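With the hints as your guide, set chain B onto chain A.
Protein chains in written order, with my numbering: chain A, 7 to 530; chain B, 37 to 490.
Hints listed in this document are in silico derivations from the structure and should not be mistaken for laboratory results.
In this text, all values refer to a predicted model and were calculated from it rather than measured experimentally.
Beta carbons are placed, not taken as given, at the ideal position from N, Cα and C, and that holds for glycine.
Treat the hints with care, since some could be wrong.
[Unchecked claim] Simulated crosslink set (DSS-like; lysine-lysine; CA at most 25 Å straight-line): (1) A/LYS69 with B/LYS161; (2) A/LYS247 with A/LYS317; (3) A/LYS442 with A/LYS527; (4) B/LYS206 with A/LYS332; (5) A/LYS450 with A/LYS527; (6) A/LYS69 with B/LYS99; (7) B/LYS161 with A/LYS215; (8) A/LYS450 with A/LYS439; (9) B/LYS169 with B/LYS99; (10) A/LYS317 with B/LYS206; (11) A/LYS332 with A/LYS317; (12) B/LYS99 with B/LYS161; (13) B/LYS457 with B/LYS487; (14) A/LYS219 with A/LYS69; (15) B/LYS249 with B/LYS325.
[As the list claims (entries may be wrong)] Negatives, chain A to chain B, calculated, CB over 10 Å: (16) PRO248; (17) LEU257; (18) VAL287.
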Amino acid sequence: VNFGHDLLLNPPIRETALRGLLFGTFLLHMLFVLLTVGTAILALSYFIHAWWDNRLSELRWDKRILRMFLMHKSLAVVLGVGPLLLIQVAFTIPFFTGVTLFSPVWLLIILLLIIAFISFDSLGHKIDVHPYVHLVAGIVAMAALLAVPGFFVAVLVATENPERWLAVIQNGFGYDARLTLHWLLRYLHVIGASVVFGAVFHYLFVVHKHEGKRRELLRWLVFGLLVQVAGGIALYWSVLKPPDVAVYAYLSIGIVLTALLVWLATRPMRADQVLHYGLVVPALLLLLMVMLLTRQNFQDRGLSGVMPVAKANARAYGERLAPYEKEALERYRRRMDIVYDNGPTIYQQSCSFCHGPDGLGDGPEAGELQVPPEALAEIRTTRGYIEQIFADGVDGTAMPGFTYYDRRRRRLLITALDTRWQVLHAPPPVEHKVAKAVMDSARKTWSNTCAGCHGPDGRGTAQSAGFKPPPPDFTQYVPVPSRAFNIITRGYPGTLMSSHSYLAADLRWGLVTIVEEMRTKDGA
Amino acid sequence: MQFPYFQFPILGDPLIIMIDAVLHVFISHGVAIGVVAMILVAEALGMRRESDDWENLAEAAAKPTVIIITGIGAVTGVGIWFVTSSLVPAGIGSMLRVFFWPWFTEWVVFFLEVVVILIYYFTWKRWTGHLKKYHVALAGAYVILASASAFLITGILGFMLTSDGWPWTKDLAGAFFNPSFGPQLAWRVAISITMGGLLMIVYLVFFHSATRKFRAEAVHRYALVLSVPLPAMFLFGYWWFTTVPVGFRTHAKPSLLMWAFAENVPLFWMVHVSAAVLIVALLVAGIHKRVLATRILVVPALAVVFLFVAEFERVREFIRGPYLMPGYMYANTVLLSEKDFFDEHGMLPYAHWFNLMAPEATDRQKGAFLFAQNCGTCHSIGGKNDIRDRFRGRSRDGAYVIIGHTEEMVPWMPPFSGSDKERRLMSDFLVGLAEGRDTLFETTRYPPPAKETP
Numbered sequence: 007v008n009f010g011h012d013l014l015l016n017p018p019i020r021e022t023a024l025r026g027l028l029f030g031t032f033l034l035h036m037l038f039v040l041l042t043v044g045t046a047i048l049a050l051s052y053f054i055h056a057w058w059d060n061r062l063s064e065l066r067w068d069k070r071i072l073r074m075f076l077m078h079k080s081l082a083v084v085l086g087v088g089p090l091l092l093i094q095v096a097f098t099i100p101f102f103t104g105v106t107l108f109s110p111v112w113l114l115i116i117l118l119l120i121i122a123f124i125s126f127d128s129l130g131h132k133i134d135v136h137p138y139v140h141l142v143a144g145i146v147a148m149a150a151l152l153a154v155p156g157f158f159v160a161v162l163v164a165t166e167n168p169e170r171w172l173a174v175i176q177n178g179f180g181y182d183a184r185l186t187l188h189w190l191l192r193y194l195h196v197i198g199a200s201v202v203f204g205a206v207f208h209y210l211f212v213v214h215k216h217e218g219k220r221r222e223l224l225r226w227l228v229f230g231l232l233v234q235v236a237g238g239i240a241l242y243w244s245v246l247k248p249p250d251v252a253v254y255a256y257l258s259i260g261i262v263l264t265a266l267l268v269w270l271a272t273r274p275m276r277a278d279q280v281l282h283y284g285l286v287v288p289a290l291l292l293l294l295m296v297m298l299l300t301r302q303n304f305q306d307r308g309l310s311g312v313m314p315v316a317k318a319n320a321r322a323y324g325e326r327l328a329p330y331e332k333e334a335l336e337r338y339r340r341r342m343d344i345v346y347d348n349g350p351t352i353y354q355q356s357c358s359f360c361h362g363p364d365g366l367g368d369g370p371e372a373g374e375l376q377v378p379p380e381a382l383a384e385i386r387t388t389r390g391y392i393e394q395i396f397a398d399g400v401d402g403t404a405m406p407g408f409t410y411y412d413r414r415r416r417r418l419l420i421t422a423l424d425t426r427w428q429v430l431h432a433p434p435p436v437e438h439k440v441a442k443a444v445m446d447s448a449r450k451t452w453s454n455t456c457a458g459c460h461g462p463d464g465r466g467t468a469q470s471a472g473f474k475p476p477p478p479d480f481t482q483y484v485p486v487p488s489r490a491f492n493i494i495t496r497g498y499p500g501t502l503m504s505s506h507s508y509l510a511a512d513l514r515w516g517l518v519t520i521v522e523e524m525r526t527k528d529g530a
Numbered sequence: 037m038q039f040p041y042f043q044f045p046i047l048g049d050p051l052i053i054m055i056d057a058v059l060h061v062f063i064s065h066g067v068a069i070g071v072v073a074m075i076l077v078a079e080a081l082g083m084r085r086e087s088d089d090w091e092n093l094a095e096a097a098a099k100p101t102v103i104i105i106t107g108i109g110a111v112t113g114v115g116i117w118f119v120t121s122s123l124v125p126a127g128i129g130s131m132l133r134v135f136f137w138p139w140f141t142e143w144v145v146f147f148l149e150v151v152v153i154l155i156y157y158f159t160w161k162r163w164t165g166h167l168k169k170y171h172v173a174l175a176g177a178y179v180i181l182a183s184a185s186a187f188l189i190t191g192i193l194g195f196m197l198t199s200d201g202w203p204w205t206k207d208l209a210g211a212f213f214n215p216s217f218g219p220q221l222a223w224r225v226a227i228s229i230t231m232g233g234l235l236m237i238v239y240l241v242f243f244h245s246a247t248r249k250f251r252a253e254a255v256h257r258y259a260l261v262l263s264v265p266l267p268a269m270f271l272f273g274y275w276w277f278t279t280v281p282v283g284f285r286t287h288a289k290p291s292l293l294m295w296a297f298a299e300n301v302p303l304f305w306m307v308h309v310s311a312a313v314l315i316v317a318l319l320v321a322g323i324h325k326r327v328l329a330t331r332i333l334v335v336p337a338l339a340v341v342f343l344f345v346a347e348f349e350r351v352r353e354f355i356r357g358p359y360l361m362p363g364y365m366y367a368n369t370v371l372l373s374e375k376d377f378f379d380e381h382g383m384l385p386y387a388h389w390f391n392l393m394a395p396e397a398t399d400r401q402k403g404a405f406l407f408a409q410n411c412g413t414c415h416s417i418g419g420k421n422d423i424r425d426r427f428r429g430r431s432r433d434g435a436y437v438i439i440g441h442t443e444e445m446v447p448w449m450p451p452f453s454g455s456d457k458e459r460r461l462m463s464d465f466l467v468g469l470a471e472g473r474d475t476l477f478e479t480t481r482y483p484p485p486a487k488e489t490p
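So here's chain A without its partners, still in its complex pose (with noise of 0.2 Å):
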């Protein structure tokens, strides 16, 4: 598979620079995730309890927990902008890949935040509302919450796994049964790593106040290090690369740390000690840490054959294009200077194209067009009319409504085609004069062959409204004597006007004159 091009602007930064800043602001970001969304789940799941022993009164002890929310999440947030910036610029292919395969829930994550953001905070700082409100909000934002790392982790499991893409489109841009595992054990691992976290974090805060407290919080300590053992040979098992000599070093580390850890956290509860800091915390970070390089060695491998694939390609394509580049900014240049504020200009961009530099309807694509467009020299109609066909345009043709320009602007075009072609003057005469005689007959033939689209008026027919394109209203709109002759005897191509040829050429001049007459009796 061609993996595309990286961007065509270089990376302003060096490579390892890159990586190593991204590990460390990630590592930064995910310690304040973690203390987030277990701050959360200790709150919640302690007011849960308490309500249920009935000890709301005595109690609102999530609210102290709860105000530390706001600090968690404010860095967590701050925090995560340095890895999502360096991510970008280190793996854009990948990282952008990942997000757009699951734009939705990419979206949704900003939503999700404010909701979880917005209720814990108000809950936080206005504890004594009534318990169910507490309940239903806490609820709603625990859950929106608990969704965000799950889509932050589906997007990340996308990223590191190129050759799934592909796969992941085919099926309807979702997981097959075993990423789903694989992205399901993630993201319970971070989940449980909250909980540790959570728990050591406000343990520190009860140490030296409430005994009861601080033996509860290492109960949530003890069972969230379980849980991430369990979880965590899960995770081993369900990669999708066989894990190499560094991540089995990073697992035993990890395990030497939990178990560690669980000491620690077990010792305190048995002989009533208070829980050894100066171990715990550099020990839970080590196990951040090597929990992140596992990741992180997962990617680099996962990575190791496009980043590079993405590069050439991106050069080469930049070579493929530098023949263009010159032309592109001088065309950029001519473009900046145009300025639409004047009705040549407007003619000369939005109408010649088709129209003609000279309004003679021969514009240079003329040609492309079956009803080809209007001789704007030749015709003679009115501002409400042109008005008319700037709102509508002509169905049928490949003229479009030009709406787009406001009042001003279409005033200064109309005002433009009138200066140059008169189109808003009375028509010329007709200098064919033709004999009473044959124009009677003209009227006649007027009445028997062209009102039947045209109308006995001009104005057209019920029915001829709907053709595409419906004739001219005659009495707004007539081409001048000698292109109207035209018309009559060559027809208007395109459209149902066909070539009137086999009448007499005074009888073709006499409708000449009903035409003019039309616009001029009515519209003028």
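Just chain B now, kept in the frame of chain A:
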């Protein structure tokens, strides 16, 4: 094209970006800079005058302020990034590479901002007595840091309008300190203080419990503070407009908040002058300690200022027309140099995901994908700015012709990029859609499946 294509359903990409961005501006400017500056004023007055009233006001206002800044402000800020990485990944990815260092610095500043506001919040009852002045200084530090954020982001936003010589020189300093940077920054500071002052008055007259006398005095004080940035806001807005390239300036009218303003200029002036009159009335009422009148006027005045800010942001985004990075990238993320390349060689052979997803693509799939890639940044099928409305009634050949001239015909549209055959494929697809002969149910992912059943 290097990324799987996703389009935001119904609302379309530009509107969802705008909703998030405008909400963020309200909070990052109005609350983070503005309200905190007003809290700083209150706390400093409380300290200097040894007034519990001012101190209480500052403390009471701080709580919702911190929750909103950290809960919505920060998230919507990151949100702009989330939305753009999902909808215009190549655009945001390229911007990140040009402005990596400003963005990285912004991250550090943002981090410091949060640390300072958290310390400020959690030390309220603790840093008293001789420590109080440090507490006040923290608020000052926060306002400076939040303004530094605005400084850094304004350089980047300004570039998107006035990239100036960057397309030729690729000079970062020139790109950052671009012609619209200065006035835009000044404008942002002015609206921050304006929104902050108005929000503080809203809090004061509707939510804060205090004596009548204090409320009148505080309203008077904040109205005085407001009297500087309010006129400055209009002045700087005008100054900013003068830096907009003339080629872009004509896009100003259609970019206003309502199309009716473009159509009817007297209406525009009537509405905007009325808004100014309303604001002046509020100032007069406040300065004269009329609490009741202030109560009546302040919410409409705030709404007016919010709308003005939303309008400015919309104009700023729209006025740059066809470009995402002027001189480098069109709004549809096609590079300027790719346009001719695609015209010559076709776009589809280089559409990586398209070829993977639809190796034996039908004409309909090709047409749909070309539409998404060329037009999907602004147009949708069935949602906002529906492309079917644009092509309804057009003849097949007419659609083909129009597609080839979008850049000249509509001053803010990018050109179609692709071979002649592709232009034909896309126009056939769009005419089919507009005539209702073809339907498309999948409006978020392109290419759509080869065949769909309703």
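Checked hints:
Taken as a hint, the A/LYS69 and B/LYS161 pair is honoured in the structure, with Cα atoms around 18 Å apart against an allowance of 25 Å. Taking the CA atoms of A/LYS247 and A/LYS317, the gap is near 24 Å; set against the 25 Å cutoff, the hint holds. At roughly 19 Å between alpha-carbon atoms, A/LYS442 and A/LYS527 fall within 25 Å of each other, so this suggested pair holds. Proximity of B/LYS206 to A/LYS332 is assessed by CA-CA distance (about 14 Å); at most 25 Å being required, the pair is judged to hold.
Annotation: proposed proximity of A/LYS450 to A/LYS527 holds, straight-line Cα distance about 19 Å (limit 25 Å). For the given pair, A/LYS69 sits about 15 Å from B/LYS99 by alpha-carbon distance, which is consistent with the 25 Å threshold. Between the alpha carbons of B/LYS161 and A/LYS215 the distance comes to roughly 21 Å, so the proposed pair stays at or under 25 Å and holds. Pair hint A/LYS450 plus A/LYS439 holds up; C-alpha atoms about 18 Å apart against a cutoff of 25 Å.
Annotation: proposed proximity of B/LYS169 to B/LYS99 holds, straight-line Cα distance about 20 Å (limit 25 Å). A threshold of 25 Å between alpha carbons decides the hint, and for A/LYS317 with B/LYS206 the separation of about 20 Å falls inside it, so the pair holds. Taking the CA atoms of A/LYS332 and A/LYS317, the gap is about 23 Å. The hint holds against a cut of 25 Å. For the given pair, B/LYS99 sits about 13 Å from B/LYS161 by alpha-carbon distance, which is consistent with the 25 Å threshold.
Note on B/LYS457 and B/LYS487: the hinted pairing holds, with a Cα-Cα distance of about 22 Å set against a maximum of 25 Å. Distance hint between A/LYS219 and A/LYS69 is fulfilled; the C-alpha atoms sit about 14 Å from each other, no more than 25 Å. Distance hint between B/LYS249 and B/LYS325 is fulfilled; the C-alpha atoms sit about 9 Å from each other, no more than 25 Å. For A/PRO248, the non-interface assignment is confirmed: its Cβ lies about 26 Å from the closest Cβ of chain B, beyond the 10 Å cut-off.
A/LEU257, annotated as away from the interface, keeps every beta carbon of chain B farther than 10 Å; the closest lies near 33 Å. The Cβ of A/VAL287 sits about 20 Å from the closest Cβ of chain B, beyond the 10 Å cut-off, so the non-interface label holds.
Every hint, counting from the list given before, is met by this structure.
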